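Chemist: Residue-level listing of the chains:
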Amino acid sequence: MNSTTITLDTTGLLCPLPLIRAQDLAKELAPGSSFLLLASDPGVYYDIPAWCRMHGHEMFQVEESSQENVIQMWIKTAETTSRSSE
Amino acid sequence: MEQPTKFRAVKAIALISGGLDSLLATKVILDQGIDVEGVNFFTGFCVEGHTQAIRKRQREKIKRNNALWVADQLGIKLHIVDVVQEYKEIVLNPKHGYGKNLNPCLDCKIFMVERALNMVGFDGCKFDFVISGEVIGQRPKSQRRETMAIISRESGAHDRLLRPLCAKNLPATLPEREGWVNRETLHDFSGRSRKPQMTLATEYGFTDYAQPAGGCCFLTDQNYSSKLSDLWNTRGQRDYELDDIVLLKVGRHLRPNHRFKLILAREEGENNFLKGYRQQYIQIDIASHTGPLALIDGDPNENDLRVASRIVARYSQGRNESNVCARVRFPDGEEKNLSIQPYSAHEIPEHWHIGV
Ligand code: SF4
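In the order they appear, the protein sequences are chains A and B. The first sequence begins at -8 in my numbering and counts up one residue at a time. The second sequence begins at 3 in my numbering and counts up one residue at a time.
Just so you know, the hints here were simulated from the structure itself, not pulled from any lab data. Possibly wrong hints are sitting among the right ones.
As the list claims (entries may be wrong) - With a Cα cut of at most 30 Å, we get these calculated DSBU-like pairs of lysine-lysine: (1) A:Lys18 with B:Lys13; (2) B:Lys170 with B:Lys128; (3) B:Lys128 with A:Lys18; (4) B:Lys277 with B:Lys197; (5) B:Lys79 with A:Lys67; (6) B:Lys90 with B:Lys79; (7) B:Lys79 with B:Lys197; (8) B:Lys90 with A:Lys18; (9) B:Lys338 with B:Lys170; (10) A:Lys18 with B:Lys170; (11) B:Lys102 with B:Lys90; (12) B:Lys90 with B:Lys277; (13) B:Lys79 with B:Lys13; (14) B:Lys170 with B:Lys79; (15) B:Lys90 with B:Lys128; (16) A:Lys67 with B:Lys13; (17) B:Lys128 with B:Lys197; (18) A:Lys67 with B:Lys128; (19) B:Lys170 with B:Lys197; (20) A:Lys18 with A:Lys67; (21) B:Lys102 with B:Lys13.
Claimed, not checked - Computed from the model, here is a short list of chain B residues facing chain A with C-beta under 7 Å: (22) Arg66; (23) Leu70; (24) Asp74; (25) Lys79; (26) Ile82; (27) Gln87; (28) Gly158; (29) Asp161; (30) Phe262.
As the list claims (entries may be wrong) - Where chain B lies over chain A, by a calculated footprint (3+ residues, C-beta under 8 Å): (31) 16 to 29; (32) 46 to 54.
All values reported here derive from a predicted model rather than from experimental measurement. Beta carbons: idealized from backbone N, C-alpha and C, even for Gly.
The shape of chain B in the complex, shown without the other chains (with noise of 0.2 Å):
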């Protein structure tokens, strides 16, 4: 790799996740005068963004993208990398394996550090190193020692990836063996208090952060990593498209059996994101009474549309009539109503739900 020179400054990459770790590991390396372009990696998998644009359609609070807002804090400019396809294989078959849930945290981190690290700057030049805002011990299994030097040495960085929050735990990287960078004004941080991170925070004046100990992804969450083995195990493959995951956000999941499952809004939100899907699923509402949309993902049977329907009058204001009419859209326009019985609660079993 080219070296910086008296003409060329010295320049780095930030791993931007728009969470409190990334904006404080940039903003130390920014006060040593290093020039900084920040990267966020859009996976579909990430936690902002999506479910907040859903579901909180009608509130008042400005809609933000952390990363942005991390970026704009810092004044650095910021890339914004579409990886769906690619960040698939992470997801499905990764070499290190999974966290406590479907999150592949090492093999994301090797996938995110080589990517940037390989990225050229809005001036066309290539970057001398990568910022991470990685803490030993935060996280059980992808932030370890051990897992540190693999991320290193995995993603082809190796003494070029520098951990400002905990760079004085570990052994000097290239930036601070050329003295771009002083060590002595680097951390040690460790371990999973969040204190250190808070009390640097407040020195710098960051009051309005995002989810100081949240997760990047829906990936860790139980909830989802449910519903994605139910859409592997039912498809028989283990795939998906960018639609698929990002409506594993979305409504109540129900699974009558293995031909079909069920999305119902639960929000007037979901219900105006899901009509969006028209010409792609299955729609059912109830005609006669106020209620949830929802989405039939599969390929239902006639009887198996009376199951959702009935399902989808439960969730209705017609829950406790005899007799409502649902109506049932197909993709390709065509329309019909089916006379139904609403379940009642102790009619649709537990095990129909998932990811609860």
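Looking at chain A on its own, in the form it has when it is part of the complex (with noise of 0.2 Å):
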């Protein structure tokens, strides 16, 4: 369906640690590259598109499984660089 190559799974995980592992990997990746996001914690669904709108992200997916629950976020980074450095 989509030509997404990295999946970050945070099944089991418990807001806001699905965004801090969703924001970390966006600073390793390159500007405007695509991740799926896998999570379980209904949090999410606030979460990340605030977090995509504050940042320049773009959600273009999201679909939930009935299996397990689980919450699919397609997820594509800002085209110019947002680093946080801790």
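Fit chain to chain and form the complex, with the hints in mind.
Modeler: Below, the structure is given as structure tokens:
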């Protein structure tokens, strides 16, 4: 369905950890890269779009698989870098 | 530290807890035209998120991260930083001690301000000062005039720590002296009343903010602190992993003896959540009747498993039966059934309940 090659599996983690893991991965990726986020905490329905809006990333597809309640979010990182360094 | 120049705008980093004070403090500085980014530290003890996600899974209300919501409202970028490991030192060995419960607020503030000041912004530049939503006298231990001076000094921020909501009650900081912010536009709030903050929130048009008077973390909660103390006492060492402190937020905790404790789900969301721990803990449920799932933390013997099963049965639909079938699952996948009699209410001593 998608040419996404990187999958970030955060199932079982509670918010805000899925968001933190997504944020950390986005920092590592080249601008404009895509990845698939798997999550089970429904908190991502608010957090991920808000985070994408804030940093210019794009969440271009969302699906929830009926089995195991896994939420799938396809995210494309911003074309310009927005890097936090810790 | 490098000073802002005509080529580099003044930049500040705001500690965003997700509550009203940090929202207002940041807004006050943003309105001065300062470039602000926010930071929220994930310690593992945060009130929001976890319990909401576990217990309210079926409800309609949007589960939002309040720090993210605040940043979104303010139109600033937010760094959410996982400090679970390094924060342990603060919880386990707070130099300034604990508050009323196991909350090391003073050390926690020092840690967060220091961490924030040493961060680098999304543009790769360092920050010129830190914004905190503290108000003198708001919290009895950590937000007093004396402790504010300690936080400024021991964090290394000194006069680069600005508290816009009570700045007029404190000596002028570097951003004020340098004219980066106008001291006249800052506030002189003090004391426990939330009225000035609420009035300011109304002026700004903020209505949907989180828990105006709430604490930022579970460590201020007496029940939670009792469970954490119990964990340290029975393990014989003051330490924890993230799973430990998350599980302290979930279910009823009963300790019949020093070998084990039982974590018993209180509703379906918790039941589902505890199922996720099948590879780490022994699990018990009642095969013959509807009822909660329980995890066993510790090293129970055969008799302990029967005791645990009888407790679980007490909270199941089979509580009035003379015998029910308890299913015990071990982390390696082995399973066994026990035929047991549910405890009656008076057979479960009060002192078995931890943190109630
Ligand atoms: S309540 Fe918790 S997060 Fe807030 S200052 Fe105290 S220890 Fe830190």
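Chemist: It remains to establish, for every hint, whether it holds in the given structure.
Modeler: Going through the hints against the structure:
Between Lys18 (chain A) and Lys13 (chain B) the alpha-carbon distance is near 21 Å, which keeps this suggested pair within the 30 Å criterion. For a cut-off of 30 Å, the pair hint linking Lys170 (chain B) to Lys128 (chain B) stands: about 26 Å separates their Cα positions. Taking the CA atoms of Lys128 (chain B) and Lys18 (chain A), the gap is near 17 Å; set against the 30 Å cutoff, the hint holds. For a cut-off of 30 Å, the pair hint linking Lys277 (chain B) to Lys197 (chain B) is broken: about 44 Å separates their Cα positions.
The suggested pairing of Lys79 (chain B) with Lys67 (chain A) holds, with an alpha-carbon distance near 18 Å, which does not exceed 30 Å. Of the pairs offered as hints, the one joining Lys90 (chain B) and Lys79 (chain B) holds, with about 27 Å between alpha carbons and a cut-off of 30 Å not exceeded. This hinted pair checks out: Lys79 (chain B) and Lys197 (chain B) have alpha carbons roughly 28 Å apart, not beyond 30 Å. With a C-alpha separation of about 25 Å, the suggested pairing of Lys90 (chain B) with Lys18 (chain A) holds against the 30 Å cut-off.
Using a Cα cut-off of 30 Å, the hinted pair Lys338 (chain B) and Lys170 (chain B) is violated, with the two alpha carbons roughly 67 Å apart. The straight-line distance between the Cα atoms of Lys18 (chain A) and Lys170 (chain B) is roughly 39 Å, outside the 30 Å bound, and the hint therefore fails. The hinted pair formed by Lys102 (chain B) and Lys90 (chain B) meets the criterion: a straight-line CA distance of about 19 Å does not exceed 30 Å. Our distance criterion of 30 Å between C-alpha atoms is met by Lys90 (chain B) and Lys277 (chain B), whose separation comes to about 27 Å.
Of the pairs offered as hints, the one joining Lys79 (chain B) and Lys13 (chain B) holds, with about 12 Å between alpha carbons and a cut-off of 30 Å not exceeded. The straight-line distance between the Cα atoms of Lys170 (chain B) and Lys79 (chain B) is roughly 27 Å, inside the 30 Å bound, and the hint therefore holds. Proposed proximity of Lys90 (chain B) and Lys128 (chain B) is supported: the alpha carbons are some 26 Å apart, at most 30 Å. Simply put, Lys67 (chain A) and Lys13 (chain B) have alpha-carbon atoms about 28 Å apart, close enough for the 30 Å limit, and the pair holds.
A threshold of 30 Å between alpha carbons decides the hint, and for Lys128 (chain B) with Lys197 (chain B) the separation of about 35 Å lies outside it, so the pair is violated. For the hint pairing Lys67 (chain A) with Lys128 (chain B), the CA-to-CA distance comes to about 27 Å; that is within 30 Å, so the pair holds. Our distance criterion of 30 Å between C-alpha atoms is met by Lys170 (chain B) and Lys197 (chain B), whose separation comes to about 18 Å. Under the criterion of a C-alpha separation no larger than 30 Å, the hint pairing Lys18 (chain A) with Lys67 (chain A) is consistent with the structure, at around 12 Å.
Between the alpha carbons of Lys102 (chain B) and Lys13 (chain B) the distance comes to roughly 36 Å, so the proposed pair goes past 30 Å and is violated. Interface restraint check: Arg66 (chain B) against chain A, minimum CB-CB distance 4 Å, threshold 7 Å, status holds. For Leu70 (chain B), the interface hint holds, the least distance from its beta-carbon to any beta-carbon of chain A being 5 Å, beneath 7 Å. Restraint check, Asp74 (chain B) versus chain A: the minimum CB separation of about 5 Å is within 7 Å; hint holds.
For Lys79 (chain B), the interface hint holds, since its Cβ comes within 7 Å of a Cβ in chain A; the closest pair sits about 6 Å apart. Look at Ile82 (chain B): its Cβ gets to within about 5 Å of chain A, closer than 7 Å, so that hint holds up. Interface restraint check for Gln87 (chain B): the shortest CB-CB distance to chain A comes to about 13 Å, outside 7 Å, so the restraint is violated. The criterion of a C-beta within 7 Å of any C-beta in chain A is not met by Gly158 (chain B), whose closest approach is roughly 17 Å, and the hint is violated.
Evaluation of the Asp161 (chain B) hint against chain A yields a violated restraint, the C-beta minimum of about 24 Å exceeding 7 Å. Restraint check, Phe262 (chain B) versus chain A: the minimum CB separation of about 24 Å is more than 7 Å; hint violated. Here's how the segment 16 to 29 of chain A fares: 0 of its residues keep a CB closer than 8 Å to some CB of chain B, so the rule of at least three is not met and the hint is violated. Counting residues of the segment 46 to 54 of chain A whose beta-carbon sits less than 8 Å from any beta-carbon of chain B gives 1, not enough to reach three: the coverage restraint is violated.
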